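Hey, can you work out the whole structure from these sequences and the hints?
For the protein sequence lines, the chains are A and B, in the order given. Under numbering that gives the first Met the number 0, the residue at position 160 of the first sequence is numbered 159, and the numbers go up by one with no gaps. Under numbering that gives the first Met the number 0, the residue at position 260 of the second sequence is numbered 259, and the numbers go up by one with no gaps.
Don't take every hint at face value.
Stated by the list, open to error - Sample of chain B residues with no beta-carbon within 10 Å of chain A, all distances over it, derived:
hint: 1; residue: I11
hint: 2; residue: E65
hint: 3; residue: V77
hint: 4; residue: E100
hint: 5; residue: G170
hint: 6; residue: A173
hint: 7; residue: S188
hint: 8; residue: L259
hint: 9; residue: E428
hint: 10; residue: K450
As the list claims (entries may be wrong) - If the Cβ cut is set under 7 Å, some of the chain A residues that face chain B in the computed set are:
hint: 11; residue: T41
hint: 12; residue: P50
hint: 13; residue: P336
Source of the hints: derived by calculation from the structure; they are not laboratory data. If you're wondering where the values come from, they're calculated on a predicted model, not measured in any experiment. Ideal placement from N, C-alpha and C gives every residue a C-beta, glycine not left out.
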Amino acid sequence: MNLIRKQFDKMRPMFEKGGKLEKLYPLFEAQETFLFVSHHRTHEGSHIRDPMDTKRLMSIVILGLLPALLFGIYNVGYQFYAAQGAGVLADNGFMPRVWIGLRYVVPIIIVSYGVGGIWEVIFSVIRKHEINEGFLVTGMLLPLIVPPTIPLWQVAVGVSFGVVIGKEVFGGTGMNVFNPALVARAFLFFAYPAQISGDRVWSALPASGLADGYNGATPLLVAANNTTGPVVEAVRSFGAETMQVADYSLWNSFLGLIPGSIGETSTLAILLGAIILIAAGVASWRIMISCVVGAVVMAFICNLAAPSDAAFVALPPLYHLVLGGFAFGVVFMATDPVSGSATNIGKYIYGFLIGVLTVLIRTINPAYPEGVMLAILFMNAFAPLIDYFVIQQHMARRLKRAKA
Amino acid sequence: MAEYRLRRGYDIRLEGQPDEEIVQAATPERVAIKPNEFRGLKPRLLVREGDAVRIGTPLVHHKNNEALTISAPASGRVSAINRGKRRVLESIVIEPDGKNEALSFPSYELSQLAGLDRQTVLKQICDAGILALFTQRPFGTLPNPEVTPRDIFVSGFSSAPLAPNTRVMVGEHANAFKAGILAATCLTSGKVHLGLHGKGRDLSAFFVDHEKVRNHSFIGPHPAGNVGVQIHHIDAIRGRNDKVWTANVQDMILLGYLFLEGRVNPNRIVAVAGSGATSRKYYKTQLGAPLASLLEGKVIDAPVRYITGDVLSGRKQPADGFVGYHDLMVTVIPEATEPEFIGWMLPGMNKESFHRAYVGHLIPGKRFRADTRLGGGHRAMVATGYYEEVLPMDVYPQFLVKSILAEDFDEMEGLGIYELLEEDIALCEYICPSKTEMQSILRQGIAMIEKEG
Chain A
0 MNLIRKQFDK
10 MRPMFEKGGK
20 LEKLYPLFEA
30 QETFLFVSHH
40 RTHEGSHIRD
50 PMDTKRLMSI
60 VILGLLPALL
70 FGIYNVGYQF
80 YAAQGAGVLA
90 DNGFMPRVWI
100 GLRYVVPIII
110 VSYGVGGIWE
120 VIFSVIRKHE
130 INEGFLVTGM
140 LLPLIVPPTI
150 PLWQVAVGVS
160 FGVVIGKEVF
170 GGTGMNVFNP
180 ALVARAFLFF
190 AYPAQISGDR
200 VWSALPASGL
210 ADGYNGATPL
220 LVAANNTTGP
230 VVEAVRSFGA
240 ETMQVADYSL
250 WNSFLGLIPG
260 SIGETSTLAI
270 LLGAIILIAA
280 GVASWRIMIS
290 CVVGAVVMAF
300 ICNLAAPSDA
310 AFVALPPLYH
320 LVLGGFAFGV
330 VFMATDPVSG
340 SATNIGKYIY
350 GFLIGVLTVL
360 IRTINPAYPE
370 GVMLAILFMN
380 AFAPLIDYFV
390 IQQHMARRLK
400 RAKA
Chain B
0 MAEYRLRRGY
10 DIRLEGQPDE
20 EIVQAATPER
30 VAIKPNEFRG
40 LKPRLLVREG
50 DAVRIGTPLV
60 HHKNNEALTI
70 SAPASGRVSA
80 INRGKRRVLE
90 SIVIEPDGKN
100 EALSFPSYEL
110 SQLAGLDRQT
120 VLKQICDAGI
130 LALFTQRPFG
140 TLPNPEVTPR
150 DIFVSGFSSA
160 PLAPNTRVMV
170 GEHANAFKAG
180 ILAATCLTSG
190 KVHLGLHGKG
200 RDLSAFFVDH
210 EKVRNHSFIG
220 PHPAGNVGVQ
230 IHHIDAIRGR
240 NDKVWTANVQ
250 DMILLGYLFL
260 EGRVNPNRIV
270 AVAGSGATSR
280 KYYKTQLGAP
290 LASLLEGKVI
300 DAPVRYITGD
310 VLSGRKQPAD
320 GFVGYHDLMV
330 TVIPEATEPE
340 FIGWMLPGMN
350 KESFHRAYVG
360 HLIPGKRFRA
370 DTRLGGGHRA
380 MVATGYYEEV
390 LPMDVYPQFL
400 VKSILAEDFD
410 EMEGLGIYEL
420 LEEDIALCEY
430 ICPSKTEMQS
440 ILRQGIAMIE
450 KEG
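Okay, structure coming up:
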């Protein structure tokens with residue numbers, strides 16, 4: 000440990016003002032504070048400070064993402080073999096599935112961190128500020144919300160767009176209006192729809208040997224396309240009918256053994272993450288709860304207004320919670336404190352509307368079967384307005400009290 | 000007695016509480032008045048080096064109002080007048096001659112005090128040069144003697160980290176404390192509100208039976224003892240012209256003795272706390288005492304920081320510094336020296352934190368040794384929702400700070416800047432993951448709005 004410390008102290012002059020590599024100071028600083036807690040001391044105001052910093056904050060979020068990531072890796076392999084029929088799936092147990100998962104997921108993560116990290120360093124060098132830890136989260140979020148089959152160059156383009164246009168043009172972490180990872184995904188979604196929508200991209204598939212009648216549609220797509228019979232039945236039985244072994248029952252969807260973006264499928268794993276985030280106090284339970292309430296209320300209203308039980312709008316509320324990216328978006332995206340509402344009352348409104356909009360976009364909008372991404376981005380745009388009204392109301396109340 | 004239960008706030012669990020034992024401090028060789036600790040004071044010097052002074056002799060007066068003076072806390076000779084950058088008057092140092100000669104004023108019985116008229120009381124306080132014992136809000140300045148404060152608020156306890164038990168401090172001075180409260184009733188057109196610690200303490204020493212005195216009990220974590228928080232709940236400051244005066248327990252004792260004894264009694268008790276001090280007790284000493292008289296040879300063998308006041312909003316002092324006018328305590332904590340290997344990654348069993356993200360938060364009853372580590376780098380304000388949890392007032396600290404940075408005067412006013420001083424949001428600064436200098440930003444905001452609002 001002392002050895003490392005000495006190395007840093009030896010190298011420091013090179014990076015400080017007047018040194019040869021002075022311009023790369025942020026890089027040096029980031030490495031140093033990664034290993035050693037920032038050497039800064041308090042100088043005015045509070046003489047002692049809570050050890051909590053943004054590094055800790057972000058690393059807890061990463062910890063919360065781990066269950067979804069690990070399950071996602073497993074599920075990529077599971078879907079890979081399941082698409083080849085029950086026999087192949089049974090022949091390839093835990094390790095082969097994980098191996099396939101790693102082969103698909105790890106490169107995506109490497110590209111996301113690598114390319115995004117380069118942008119971070121470039122901007123911190125130009126702006127002469129320390130490297131922000133926010134990217135640790137963004138770089139992990141993006142791989143978890145794209146399909147496993149996404150071309151790596153699209154990951155690179157997407158993360159570049161997310162970091163530069165989604166964040167740095169606003170002034171960097173803490174200044175952005177939209178969640179950078181969602182900006183990246185929205186960009187990919189609209190720029191390269193072929194690789195991020197439809198029924199073929201959600202599972203990594205072998206070149207040949209697919210089971211007869213295989214169809215990789217996600218449950219939401221099934222629900223959107225359903226025309227005959229009750230929509231619930233169509234979703235529930237779909238997986239089994241198309242030889243994917245596991246059907247899309249509520250339970251399987253909750254566990255996550257269904258096709259979808261890498262990290263979004265398992266509501267259970269995401270719930271574990273939510274527990275970590277809430278227990279550590281780094282994400283707002285207010286937002287999470289109100290999102291769920293909003294979705295349930297809206298789904299219930301949709302059910303009442305459904306023209307027939309075959310329509311997407313007839314999908315019961317519980318399905319909306321466990322299908323698609325809802326759980327992931329609610330727990331990890333909507334709770335982003337920078338792009339969300341900052342007041343407690345605002346958080347309730349913001350979350351509720353995300354829930355409502357998600358269900359609305361899913362069921363009413365004919366173009367996209369999934370709505371959580373757009374709902375969150377939309378509410379990101381409105382979060383400052385919600386806060387504005389909360390604050391105006393607060394100031395009016397104060398003024399009224401002052402005059403009393 | 001009205002009772003206020005405050006839920007929001009946080010008690011920082013630090014090692015180094017003072018023992019509740021009163022001991023005599025070393026006789027100070029020098030004492031000092033520090034004019035720059037009084038906000039709003041434009042000091043004009045009335046003494047020169049070498050002048051002989053008595054207790055109560057004015058040392059400086061306010062350029063805009065000569066009735067407002069600050070007097071010598073000891074009899075002896077002015078030994079030094081220290082000026083800092085741009086000739087700011089930093090301290091006036093007196094070498095006491097040990098005779099304790101004092102200017103004398105009329106003295107009264109406790110029972111006579113409530114019947115005095117405002118002019119008599121105010122004149123005696125101004126003549127004795129101790130009006131500075133009050134702080135005027137909004138803005139936290141020296142009181143203007145021409146202002147009749149709407150109310151006077153006295154916080155009967157301190158909830159700050161390691162703060163001393165004020166009941167022990169009042170102890171034998173209970174009569175003077177009561178006299179101070181009664182004298183204060185003469186100064187205001189409204190009431191004297193006394194905020195008391197609501198739980199488990201015998202408070203009879205504080206009770207004053209008078210129609211203009213109101214007792215309030217506050218139960219809750221820090222900053223429940225802050226007078227700003229108490230004002231907010233009792234009768235909030237409504238605007239820039241709604242002026243109130245505040246004081247603490249020691250200030251009231253100082254005021255009381257002026258009327259009971261007819262002289263300024265500079266004796267006071269200062270608690271020494273913090274894990275950097277080895278003899279943590281309540282010391283009998285006097286106003287303006289040097290830190291050395293309390294701490295010489297009684298600090299740990301490592302770099303330490305001397306703070307007059309508490310760790311959250313006290314002032315950093317050199318080892319040869321002096322205790323401030325309103326300070327109940329002196330805190331000594333170790334300076335951060337060694338960098339900490341991957342500290343942000345570890346569970347943090349030994350770290351005091353408001354945040355549950357450190358395991359230390361969850362260990363019940365544990366106290367922690369804190370140093371002057373910043374514990375992270377400065378970042379944009381990222382996190383939300385934490386600040387409100389440690390400020391038991393109807394205020395949005397994060398939005399207020401942003402309105403100050405944006406220099407938006409209407410918003411600063413609307414968001415309640417008149418109700419706050421630095422100490423009130425010090426906890427917000429402590430817990431901030433982005434290491435925002437919230438107290439300093441608030442001070443800038445207060446200065447701006449005082450000047451231009």
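Do the hints match the structure? See the list:
1. Listed as outside the interface, I11/B is inconsistent with that label: its C-beta sits roughly 7 Å from the nearest C-beta of chain A, within the 10 Å cut-off.
2. Once the 10 Å rule is applied to beta carbons, E65/B is consistent with being away from chain A; the minimum gap is 33 Å.
3. The Cβ of V77/B sits about 30 Å from the closest Cβ of chain A, beyond the 10 Å cut-off, so the non-interface label holds.
4. Against chain A, the non-interface label of E100/B holds: every CB pair exceeds 10 Å, the least being about 38 Å.
5. Listed as a non-interface residue, G170/B keeps its Cβ farther than 10 Å from every Cβ of chain A; the least gap is roughly 29 Å.
6. Distance check on A173/B: its Cβ is at least 33 Å (rounded) from any Cβ of chain A, clearing the 10 Å threshold; non-interface status holds.
7. Every Cβ of chain A is farther than 10 Å from the Cβ of S188/B; the closest lies at roughly 19 Å, confirming the non-interface assignment.
8. A cut-off of 10 Å between C-beta atoms confirms that L259/B is not in contact with chain A; the least separation is 37 Å.
9. With a closest Cβ-Cβ approach of about 5 Å to chain A, E428/B is found to fall inside the 10 Å limit, against its non-interface label.
10. Remark: the non-interface label on K450/B is consistent with the geometry, its nearest Cβ contact in chain A lying 21 Å away (cut-off 10 Å).
11. Annotation: interface hint on T41/A holds; nearest CB of chain B at approximately 5 Å, less than 7 Å.
12. A cut of 7 Å between beta carbons decides the hint on P50/A: the least distance to chain B is about 4 Å, and the hint holds.
13. The interface hint given for P336/A holds, since its Cβ lies 4 Å from the closest Cβ of chain B, which is under the 7 Å cut-off.
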